[in-house]
Amino acid sequence: MNNTTAIEQPRNGKSTWKFLAEELKPKGKPFTWFNIISVPVITAGIVIIILRFIHGLGYVSNIDQEVPWGLWKGFNVVTGVAFAGGAYVLTFIVYILNVQKFKSIVRVTVLNGFLAYVFYAGALVLDLGRPLKIINPIIGNSFGANSVLFLIAWHFLLYMIAQLIEFSPAIAEWLGAKRARKILSGMTIGAVIMGITLSTLHQSGLGALFLMASEKIHPLWYNEFIPILFLVSSVFAGLSMVIFEGSISKRVFADKISEKNKTGHKGIIHTFSQICAFAMFVYFFMHIIVFVHGKNWAYLNSRMGVWYLVEMIGFVLVPMVMFFVSYRKVNITLAKVAAIVTMLGIVINRLNVSIIAYRWDAEVPYYPTWMEVVVTFTIIFIEVWVFRWVVNRMPVYNESPAWAKENEH
Amino acid sequence: MGVDRRFFLKALGLTGAAIGTGKPLGASPVVSEDETEFHGILFDSTWCAGCQGCEIACAEAHGLEGPALEDVPEVGKKRKANEYRRTVVNAHETSAGEFFVKTQCMQCAQPACVSACLTKAMYKQKDGSVIWREEKCMGCRYCMISCPFDAPKFEYHSTNPKIQKCDMCYDRVKEGLLPACVENCPAEAVKFGSRRELIAEARQRIADFPGMYHDVIYGEHEAGGTGWLYLSSVPFEELGFNTKVQKKPYPELTKGFLYSVPSVFVLAPAVLLGIHSATKNKSNQDNENE
Ligand code: SF4
Ligand code: SF4
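Just so you know, the protein sequences line up as chains A and B, in that order. According to this note's numbering, numbering within the first sequence proceeds without interruption in unit steps and concludes at 615. According to this note's numbering, numbering within the second sequence proceeds without interruption in unit steps and concludes at 497.
Hints are computed from structural coordinates only; laboratory data are not their basis. A couple of the hints might just be wrong.
[Unchecked claim] Cross-link-like lysine-lysine pairs, in silico, DSBU-like; alpha carbons within 30 Å at most:
no.	chain 1	residue 1	chain 2	residue 2
1	A	K339	B	K369
2	B	K333	A	K339
3	A	K388	B	K333
4	B	K285	B	K455
When you get a sec, could you build the whole thing from the sequences and use the hints?
Okay, structure coming up:
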């Protein structure tokens, strides 16, 4: 088979440009609930982003001299990255441990992770006071190599590339580029190893960001183990996200998912609840050690103390038990509920460390403006739009084309 | 910070690059003879009259707004430095009467802000001043998160925001002038000099007037030692100082994490590759057995 036919065939003989132009057009119904909600939010969000660049950060945001990082950093970056942790956990299971059972959801998880990073890095740029200077730590005229944030910036960048490589066979299949697919698939395992290494470092790195704020974060949340706690919690945060996302997609993209994978999904959730229960047990246990070691009893008898107990018991212990029970009793619904509670718990934990317990004693406590909230959702909604666009076109849920499968062996 | 960076780069195998970055500053705040000594400023709260001369001079020297006419130090009023003023003087009622204290960036010997900054916009110079360099900063505000004294201030209402903080008037000092506040303090409550000599002088004052001074020099050990040094009649918490700051330099808090990064980079891929090949062989065997 010569090259031209190899490329042309899957696109039914259309030229590359025509093919791309047609693919760019929206597919699907215009008036879904999601569209009705997201379109106005995104429109408002874009206006606010423009205002932010015309008038400065202070115009749209409540961050001040004492609390310099607000919702955009605390939610979009710090929390969002924890949820994107599913990608490295899953690639570890599938490519490193060679457990084939989870293969059907690798692509969608990697895609999710990749988009999450792209958009959260985007949120970071929005939040920069002098965004044009972002090249400084990257092109190397001023490397602040002893900065945790420097490491994170680089890891984000490299990890995005690694994830793009991991996902690239799907793009190649979409474009019908057989040779490219072969080369790109060959790079997968290298990208996976790089990706996992980078992930462990920056998941913990996000915690390490706050290490120097030792007196500014409430002692119930500040400890020298924040990096490890962040890393361990990213495991169950990521997997809970995968469970949650999978349950929604199963309905929304029902036509794309094969019957085999639909039944397989139950088994996947079942195993995930076991991993989550175990990881949460480790996490909870570490918190107890840190708590006892730090002699923190006295703090419990305060507003922050109660809030701490709510987080630890209501959003770690309870979902942990739920995961455990759902595993023993093979109760998939319970596992899904546990995943949602866990995710809420992660949001609470990350916001606690980065915003709520950060300068909890400030005279003017930080509350985000409605504009910050709108932009936060704008970023998430645009991400979902792009996700949907990709899923509707590339073989993410649906099976790869036959030619790609042949190549596999 | 010299030491930190050198160690880190060495761990990455870039020792050559580190040698190229200049002489080490050494871990102790006072450097060896053949180099410039760290400068410092000694503030004696028993001398300060709260006239705000320093506030006005500082604002003028750096083209900032400075204090409004009616904005004077009063007991119970907590004035703060911000993007329009790099320093403020506040009044405090204490067990030994009313005292004034000037606050600004402390010019740490091993600054948290410098180790936080990913663009090297925050920079510790050889003379001890910690400066902010406009052409490098990307406005991430991580320096503000990390500084234990909340010193860097950010221009939130500007489209090209700057960080404002005391830089010990390094540009004036370079030209042989005194820092603006030191030159304009009628009570001579602020004194500029080498940090080593200022500590000696502060000790001398405490020894000469034991009844007058509380026997601690704030800044001698706080945060690993700071360029600004303070004398007072009363324990420093009475004067609104942050006495919870640790004695060790703040960058040490992230050192463990940063040092583990190179080893993770070497070990993790090796381990992952090992597991990968092990499980791969196993699944191949399984296939054959089937
Ligand atoms: S007081 Fe803060 S801003 Fe000033 S040198 Fe120390 S860490 Fe940096
Ligand atoms: S705001 Fe500027 S000076 Fe501060 S850490 Fe970020 S880049 Fe460095």
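Hint by hint, here is what the structure shows:
| no. | hint | verdict |
| --- | --- | --- |
| 1 | K339(A) - K369(B) | holds (12 Å) |
| 2 | K333(B) - K339(A) | holds (25 Å) |
| 3 | K388(A) - K333(B) | violated (55 Å) |
| 4 | K285(B) - K455(B) | holds (28 Å) |
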